[in-house]
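If you use the UniProt record's numbering, the sequence shown corresponds to residues 1 to 293, in order.
Derived by calculation from the structure, the hints in this document are not laboratory data. Some hints here could point you the wrong way.
Said to hold, decoys possible - Each pair of labels, with its calculated beta carbon distance range:
hint: 1; residue 1: Ile275; residue 2: Leu199; range: 47 to 57 Å
hint: 2; residue 1: Thr88; residue 2: Lys138; range: 39 to 49 Å
hint: 3; residue 1: Leu57; residue 2: Gly266; range: 28 to 38 Å
Said to hold, decoys possible - With a straight-line Cα cutoff of 27 Å, these simulated DSS-like cross-link-like pairs (lysine-lysine) come out:
hint: 4; residue 1: Lys2; residue 2: Lys171
hint: 5; residue 1: Lys175; residue 2: Lys54
hint: 6; residue 1: Lys114; residue 2: Lys175
hint: 7; residue 1: Lys115; residue 2: Lys2
hint: 8; residue 1: Lys61; residue 2: Lys175
hint: 9; residue 1: Lys115; residue 2: Lys175
hint: 10; residue 1: Lys62; residue 2: Lys114
hint: 11; residue 1: Lys138; residue 2: Lys151
hint: 12; residue 1: Lys62; residue 2: Lys175
hint: 13; residue 1: Lys171; residue 2: Lys119
hint: 14; residue 1: Lys171; residue 2: Lys115
hint: 15; residue 1: Lys175; residue 2: Lys2
hint: 16; residue 1: Lys114; residue 2: Lys171
hint: 17; residue 1: Lys171; residue 2: Lys62
hint: 18; residue 1: Lys61; residue 2: Lys171
hint: 19; residue 1: Lys54; residue 2: Lys138
The beta-carbon is built from N, C-alpha and C at its ideal position, and this holds for glycine as well.
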Amino acid sequence: MKYYVLVILAVLFWSGNFIFGRYISSDIHPLQLAFYRWFFVLLLLMPYIIMRYKNLLLQFKKHYGMLILQSALGISAFNTFLYYGLQTTTATNALLINSSTPIIIIVMSMFILKKHITKLQFTGIILSTLGVVYLVLKGELLNIVEFEFTKGDFWIIAACTDWALYSVLLKYKPKDLNAFEFFGITTLIGTIILFFVFLFSDQQFSLEFINKGEVFIALSYIVIFPSILSFYFWNISTAQLSANVTGQFAHIMPIFGAILAYYFLGEVLEGYHFIGIVLIATGIYLSTFLKRN
1 MKYYVLVILA
11 VLFWSGNFIF
21 GRYISSDIHP
31 LQLAFYRWFF
41 VLLLLMPYII
51 MRYKNLLLQF
61 KKHYGMLILQ
71 SALGISAFNT
81 FLYYGLQTTT
91 ATNALLINSS
101 TPIIIIVMSM
111 FILKKHITKL
121 QFTGIILSTL
131 GVVYLVLKGE
141 LLNIVEFEFT
151 KGDFWIIAAC
161 TDWALYSVLL
171 KYKPKDLNAF
181 EFFGITTLIG
191 TIILFFVFLF
201 SDQQFSLEFI
211 NKGEVFIALS
221 YIVIFPSILS
231 FYFWNISTAQ
241 LSANVTGQFA
251 HIMPIFGAIL
261 AYYFLGEVLE
271 GYHFIGIVLI
281 ATGIYLSTFL
291 KRN
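Sequences and hints are given; from them, build the entire structure.
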């Protein structure tokens, strides 16, 4: 049960990443936000990385190919794609597209890990996905007629696909790295990758945006909660429960997103939110808890 609580907390904090990422999207370039997010996380992790450098260096020499791939996917690419998407797409579109992540994870698991889907899992996935669709359409199916894709939507699709592959590849995490060591080394590698992407982009290294109070607060939240805590909780939970199980909890994100939007953005919870919550919770129960019990 502990790992289920951890993955729920990870999703809660990541929901805040959507809220704050969208909120400051006009104040900071997506590539800047992605780079400085992980740069500051790396600064916080450096004492631990230095303390564990012998084992980290040894494991990197043994597994450098997989570690670079996992770092590029989980650290460098995912949030860069997400922040680019939040520049032009709506939160509703982002949440709906994000709900496809568990399905992508299961499909990738079938091909990469040779996993099979049970009928109960499939039923749960369909039910929780319907709950997400019901939420983002605000309880009115006719709203789907006005649902339009933008350039940002394709960035979100890329982010979801990226994250699904990262989650599946966590199965190949070096066994001699504990969860925090793995997080530390992937943060280091991923930040280095982002540095070179930033270096060859048209963006300049500047911290002027920190002078804006709202940006500073948002970045502080993103550095501590969605970055350090969520990644640690997700990695340790996925290693114990499998990517198929933890992936289903992505469906909770619209619920947390609605709650956070209510408190931070003043948006009101409507009846369709609660109906969607029931559908999502039931789907997750069918595809995870009931299967295990």
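Here is how each hint holds up against the structure:
{"no.": "1", "hint": "Ile275 to Leu199: 47 to 57 Å", "result": "holds, 49 Å"}
{"no.": "2", "hint": "Thr88 to Lys138: 39 to 49 Å", "result": "violated, 21 Å"}
{"no.": "3", "hint": "Leu57 to Gly266: 28 to 38 Å", "result": "violated, 49 Å"}
{"no.": "4", "hint": "Lys2 to Lys171", "result": "holds, 20 Å"}
{"no.": "5", "hint": "Lys175 to Lys54", "result": "holds, 16 Å"}
{"no.": "6", "hint": "Lys114 to Lys175", "result": "holds, 20 Å"}
{"no.": "7", "hint": "Lys115 to Lys2", "result": "holds, 24 Å"}
{"no.": "8", "hint": "Lys61 to Lys175", "result": "holds, 14 Å"}
{"no.": "9", "hint": "Lys115 to Lys175", "result": "holds, 20 Å"}
{"no.": "10", "hint": "Lys62 to Lys114", "result": "holds, 25 Å"}
{"no.": "11", "hint": "Lys138 to Lys151", "result": "holds, 23 Å"}
{"no.": "12", "hint": "Lys62 to Lys175", "result": "holds, 11 Å"}
{"no.": "13", "hint": "Lys171 to Lys119", "result": "holds, 23 Å"}
{"no.": "14", "hint": "Lys171 to Lys115", "result": "holds, 12 Å"}
{"no.": "15", "hint": "Lys175 to Lys2", "result": "holds, 21 Å"}
{"no.": "16", "hint": "Lys114 to Lys171", "result": "holds, 12 Å"}
{"no.": "17", "hint": "Lys171 to Lys62", "result": "holds, 16 Å"}
{"no.": "18", "hint": "Lys61 to Lys171", "result": "holds, 19 Å"}
{"no.": "19", "hint": "Lys54 to Lys138", "result": "violated, 53 Å"}
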